[in-house]
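Asks: Each residue of the sequence shown is one higher than the last, beginning at 1 in the UniProt record's numbering.
Simulated from the structure, these hints should not be mistaken for laboratory data. Treat the hints with caution; some may be incorrect.
Said to hold, decoys possible - Derived lysine-lysine pairs resembling DSS-like cross-links, with alpha carbons at most 27 angstroms apart:
no.	residue 1	residue 2
1	Lys8	Lys151
2	Lys174	Lys8
3	Lys151	Lys82
4	Lys224	Lys30
5	Lys82	Lys30
6	Lys265	Lys224
7	Lys224	Lys242
8	Lys8	Lys103
9	Lys82	Lys8
10	Lys174	Lys103
11	Lys265	Lys242
12	Lys174	Lys151
Unchecked claim - Label-pair distances were calculated between CB atoms; the ranges are:
no.	residue 1	residue 2	range
13	Lys103	Ser303	43 to 53 angstroms
14	Arg192	Gly10	27 to 37 angstroms
15	Gly263	Gly176	50 to 60 angstroms
16	Gln108	Ala137	15 to 25 angstroms
17	Lys82	Gly167	29 to 39 angstroms
18	Gly176	Glu29	36 to 46 angstroms
19	Gln164	Ser12	22 to 32 angstroms
20	Lys103	Gln292	37 to 47 angstroms
21	Glu29	Leu177	35 to 45 angstroms
22	Gln61	Leu177	31 to 41 angstroms
23	Gln74	Ala149	18 to 28 angstroms
Glycine residues also receive a C-beta, built at the ideal position from the N, C-alpha and C atoms.
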Amino acid sequence: MMTRPLGKTGFSIAPLVFGGNVFGWTIDEKTSFALLDAFVDHGFDAIDTADVYSRWAEGNQGGESETIIGRWLQARPGMRDKVKIFTKVGSDLGLPGHKGLSKGWIQQAVDDSLRRLNTDYIDLYFSHWPDPQTPVAETLEAFHSLQQAGKIRAMGASNLDAMQLAGALEVARKGGLPAWQVLQPEYNLYHRSAFEGALCDLCVSRDIGVVTYYSLASGFLTGKYRQLSDLTQSQRGSGIGKYLNPRGMRIIDTLAAVADEQGAKPAEVALAWLIGREGVTAPIASATSVAQVESFARAAALSLSADQVARLDGASA
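Let the sequences and hints guide you as you build the complete structure.
Replies: Listed below in structure tokens is the structure:
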């Protein structure tokens with residue numbers, strides 16, 4: 001499979017990243033292993049997770065996703081050299097001091113993540129959310145120290161707007177510090193406005209890699225959800241109701257039409273649209289079955305015509 005350079009990180013990845021938020025939440029360890037195996041077998045090589053995944057599930061405390069990935073790596077000798085591991089710090093883990101982007105917490109959190117992941121380095125370490133209580137320079141200095149210690153290879157930020165990213169880049173320039181190399185924004189065929197425009201332009205001009213989350217709008221862009229009664233199909237259904245409006249239905253209808261023309265599934269078309277967007281290195285997408293991983297491979301190989309892209313753009317405008 002063709003790979004793409006991930007900004008200025010120095011490494012390249014296949015054009016789709018596995019979203020590890022499902023590990024320990026909607027799928028158990030055995031199924032997680034099977035899906036990760038299938039993902040790598042299809043030529044993909046990057047897995048995204050976070051220290052907080054999946055604290056929101058009943059009985060969980062956070063770290064479940066990283067732990068499953070770590071056990072998978074341990075059970076597959078040689079696999080660590082074949083995959084890129086992305087994880088994040090900054091979300092609230094429910095204990096005093098276990099959140100945010102202070103230097104002290106970052107240094108503790110990365111060691112906790114390394115232990116759970118059964119590895120001595122993280123390929124790409126993200127700040128999960130902006131932390132207004134901590135100076136950006138302190139956070140960048142902490143990430144720099146992790147790079148110098150060999151604990152992380154590259155550094156990125158999630159959930160920054162254009163002003164926040166530009167500000168962080170300026171802090172790095174003035175302080176002689178390493179800058180964010182990758183951005184992880186919410187971006188999909190439904191949710192376009194926050195990334196397109198100033199934020200995308202900044203990433204392109206500064207050669208910042210972009211891996212998008214909610215790439216299928218919590219599953220809405222699969223086309224399975226057309227009315228409120230459909231939301232009971234998924235544990236994520238509660239987050240999909242907001243898309244059930246005239247614009248959302250217009251997007252789904254256009255996706256279905258293009259999918260029919262391509263002999264593909266709506267989700268594959270939605271991912272192919274993202275893969276082809278300016279500034280996007282790779283979308284992040286989750287799967288709960290091997291069949292869905294196989295669908296990822298078809299999406300990565302799918303080529304949309306200019307007319308099809310224009311129709312999707314128009315429907316989602």
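Asks: What are the numbers of the hints the structure violates, in ascending order?
Replies: none
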